[in-house]
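> One letter stands for each residue in the lines below.
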Amino acid sequence: MVWNEIEKMDREQLNELQIARLQETVKWVWDKVPAYRQRMEGEGIRPEDIRSLDDLALLPMTTKDDLRDNYPFGLFAVGPEEIVRVHASSGTTGKPTVVGYTQEDIQNWAEVMARTLVCGGATKNDVVQIAYGYGLFTGGLGVHYGAERLGATVIPTSAGHTRRQIMLMQDLKTTVLACTPSYALYLAETMGELGISSQDLSLRLGFLGAEPWSDAMRKQIEAALGIDAIDIYGLSEIMGPGVASECLAKDGLHVFEDHFIAEVVDPATGKPVEDGAQGELVFTTINKKGLPMIRYRTRDITILNRQPCSCGRTHARIKKVLGRTDDMLIIRGVNIFPSQIEEALLAMGHIEPHYVLVVDRERGLDELEVWVELNREAFIDEVRRIEELERQIKRGIEETLGIGVQVRLVEPKTIARSEGKAKRIIDRREIK
Amino acid sequence: MKVKQLSIFLENKSGRLAALSRALAEQNINIRALSLADTADFGILRLIVDDPEKGYAFLKKEGFAVRLTDVLAVRVPDRPGGLAEVLNAIHQRGLNVEYMYAFVEKAGDDALVIVRMDDPDNAIGILQEMGVGLLTGDEVYAL
Ligand SMILES: [Zn+2]
Numbered sequence: 001m002v003w004n005e006i007e008k009m010d011r012e013q014l015n016e017l018q019i020a021r022l023q024e025t026v027k028w029v030w031d032k033v034p035a036y037r038q039r040m041e042g043e044g045i046r047p048e049d050i051r052s053l054d055d056l057a058l059l060p061m062t063t064k065d066d067l068r069d070n071y072p073f074g075l076f077a078v079g080p081e082e083i084v085r086v087h088a089s090s091g092t093t094g095k096p097t098v099v100g101y102t103q104e105d106i107q108n109w110a111e112v113m114a115r116t117l118v119c120g121g122a123t124k125n126d127v128v129q130i131a132y133g134y135g136l137f138t139g140g141l142g143v144h145y146g147a148e149r150l151g152a153t154v155i156p157t158s159a160g161h162t163r164r165q166i167m168l169m170q171d172l173k174t175t176v177l178a179c180t181p182s183y184a185l186y187l188a189e190t191m192g193e194l195g196i197s198s199q200d201l202s203l204r205l206g207f208l209g210a211e212p213w214s215d216a217m218r219k220q221i222e223a224a225l226g227i228d229a230i231d232i233y234g235l236s237e238i239m240g241p242g243v244a245s246e247c248l249a250k251d252g253l254h255v256f257e258d259h260f261i262a263e264v265v266d267p268a269t270g271k272p273v274e275d276g277a278q279g280e281l282v283f284t285t286i287n288k289k290g291l292p293m294i295r296y297r298t299r300d301i302t303i304l305n306r307q308p309c310s311c312g313r314t315h316a317r318i319k320k321v322l323g324r325t326d327d328m329l330i331i332r333g334v335n336i337f338p339s340q341i342e343e344a345l346l347a348m349g350h351i352e353p354h355y356v357l358v359v360d361r362e363r364g365l366d367e368l369e370v371w372v373e374l375n376r377e378a379f380i381d382e383v384r385r386i387e388e389l390e391r392q393i394k395r396g397i398e399e400t401l402g403i404g405v406q407v408r409l410v411e412p413k414t415i416a417r418s419e420g421k422a423k424r425i426i427d428r429r430e431i432k
Numbered sequence: 001m002k003v004k005q006l007s008i009f010l011e012n013k014s015g016r017l018a019a020l021s022r023a024l025a026e027q028n029i030n031i032r033a034l035s036l037a038d039t040a041d042f043g044i045l046r047l048i049v050d051d052p053e054k055g056y057a058f059l060k061k062e063g064f065a066v067r068l069t070d071v072l073a074v075r076v077p078d079r080p081g082g083l084a085e086v087l088n089a090i091h092q093r094g095l096n097v098e099y100m101y102a103f104v105e106k107a108g109d110d111a112l113v114i115v116r117m118d119d120p121d122n123a124i125g126i127l128q129e130m131g132v133g134l135l136t137g138d139e140v141y142a143l
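Which chain is which? The protein sequence lines are A and B, in order.
FYI, the numbering for the first sequence is 1 to 432, going by this note's numbering.
FYI, the numbering for the second sequence is 1 to 143, going by this note's numbering.
Each hint should be verified, as a subset may be incorrect.
Claimed, not checked - Per the computed footprint, the stretches of chain A lying under chain B, defined by three or more beta-carbons under 8 Å from a beta-carbon of chain B, are: (1) 264-276; (2) 380-394.
Claimed, not checked - Looking from chain B toward chain A, a few residues come up when the C-beta cut is under 10 Å (computed): (3) A37; (4) D41; (5) F42; (6) R46; (7) T69; (8) Q92; (9) N96; (10) E98; (11) Y99; (12) Y101; (13) V104; (14) Y141.
To be verified - DSS-like, lysine-lysine: derived pairs with alpha carbons at most 25 Å apart: (15) A:K394 - B:K61; (16) B:K60 - B:K13; (17) A:K413 - B:K2.
Rather than coming from a laboratory, the hints here were simulated on the basis of the structure.
Just so we're clear, the structure is a prediction, and the values are computed from it rather than from any experiment.
In this text, a Cβ means the ideal position worked out from N, Cα and C, and glycines have one as well.
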């Protein structure tokens, strides 16, 4: 099932549509956004230089810093009278980044989000519980508008109040859960404590996103909640949830390419990499008026796949995001993503994926220590068996990462559970 | 003749043992004997309490990694060489002691040690045959 036949559009026609909309967008920002125009002029590029999709690479890239530097509305292409909604990302350092939408943008957002839900197997008959945060974060309202557009029943619980979430899931017979993957796991864990199993629920699908998560974690969530867990992708700078979504083939996320053009570039040089090679995901919006984005660097690491999909959609797929360039830890010159460690832990079977990475520098050498919660069921009253478990975890992680680590088992439930994005890294290195 | 011991996984950080003892005290669970096996990172706390089932349920609810382990309460003549005699006997019969620790209270004239064996059921038979005194769980919890 597709929400919109355009998702199966012939590839050549789609490319034509993309180039036409790209040209329109470039003209739009040239006319309306002085910051973009100055940078294009600085590079000696004019809108008419964009003749093919390959010419996209001529355009300057945009980063989160550009949004901050132009805080709050400097990159907006329309005046406040045209903007009907703003969202903002949490600014851990300094100012947040503010994004804005016209009436038409909001409608397009609902459209791509409705596509996302259908892409993952939802229908208008579903009861969708939205446990993404509502408010400045785009997750809650983004999924909300898409689910309403689809015609599903929406339960806008927002994040948190975990026991109440579970009660509502039971009483209102929720069939679709939308939240972050770490919150889905937390819900499952809380259900376990309350003696509630997936059999007591009507859940069948989960639309999980807003943070990188592994396939192993997917298996765990699917088993615990009795659902198909669908990875969805979005970011507020581009739109919010609804930029890309897995279909039930669960082999990459379809980018809704009539709205967004995806590129993958080398994070160090910014140069596009070959299809199939890993790199940083870069998006250009081609159907957005309020805050158009030209070659926005997402900092997410993925692989682009243009092969046709078994579901019939022609839109290109990005591989499940492998990590973020800013989550990426560089330890003794090796790139490490927290998701790799999660994968290694889950592969061992009896280890909970609750962990913290502690990076320290001793005598000029980076040391990585992984704190892992002891699974209560795995506890045996024998010191050497626990030491053996520590060694086994250490070996598993070392095999995955290719570098030496220290492992420390910690008591169950002592690593903070997130109701939003998980905090996994404590970096104690002082870079001088 | 088996005695139920609480085994608890604890991180080696200050205050954990105190917090746990306080929590048990608030539940009116009395600690009769204890031993802590520790490494650089973690420890295993072993407790004999007056009500092991209640202690187990409570600690589990509190989120601790806790297990009930079968151990034996062995009478040891309270005189020099008393312990050596018992251990010698155990050793001669090829029984393997994983760990042991002393009980604070005495059982009549005898001292009492808690012993964890590989195969407690088999050990009970052999020890009794050898005339080594064992206490039942109920006798131990009530001491
Ligand atoms: Zn597909």
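> Against this structure, judge whether each hint is valid.
These are the hints, each one checked on the structure:
Coverage of the region 264-276 of chain A by chain B is violated. Counting CB-CB distances below 8 Å, 0 residues qualify, and the rule asks for three or more. Only residues whose C-beta sits within less than 8 Å of a C-beta in chain B count toward coverage, and the region 380-394 of chain A has 7 of them, enough to reach three; the restraint holds. This hint holds: B:A37 has a C-beta 5 Å from the nearest C-beta of chain A, less than the 10 Å allowed. Below 10 Å, beta-carbon pairs count as interface contacts, and B:D41 has one with chain A at about 5 Å; its hint therefore holds.
Taken as an interface hint, B:F42 checks out: its beta carbon lies about 6 Å from the nearest beta carbon of chain A, inside 10 Å. Checking B:R46 against chain A by beta carbon gives a least distance of about 7 Å; that is within 10 Å, so the hint holds. Hint status for B:T69: holds, given a least beta-carbon distance of 5 Å to chain A, under 10 Å. Violation of the interface hint for B:Q92 is found here, the shortest Cβ-Cβ separation to chain A being roughly 24 Å, above the 10 Å cut-off.
Interface hint at B:N96: violated, since its Cβ lies 12 Å from the closest Cβ of chain A, which is beyond the 10 Å cut-off. Nearest Cβ of chain A to the Cβ of B:E98: about 7 Å, under the 10 Å cut. The hint holds. Taken as an interface hint, B:Y99 checks out: its beta carbon lies about 9 Å from the nearest beta carbon of chain A, inside 10 Å. The beta carbon of B:Y101 comes no nearer than 13 Å to any beta carbon in chain A, farther than 10 Å, and the hint placing it at the interface is violated.
The criterion of a C-beta within 10 Å of any C-beta in chain A is not met by B:V104, whose closest approach is roughly 21 Å, and the hint is violated. Hint on B:Y141 is violated. Least Cβ distance to chain A is approximately 19 Å, over the 10 Å limit. For the proposed pair A:K394 and B:K61, the alpha carbon gap of about 29 Å is over 25 Å, so the pair is violated. Taking the CA atoms of B:K60 and B:K13, the gap is near 20 Å; set against the 25 Å cutoff, the hint holds.
Note on A:K413 and B:K2: the hinted pairing is violated, with a Cα-Cα distance of about 31 Å set against a maximum of 25 Å.
Checked against the numbered hints above, the structure breaks hints 1, 8, 9, 12, 13, 14, 15 and 17 and satisfies the rest.
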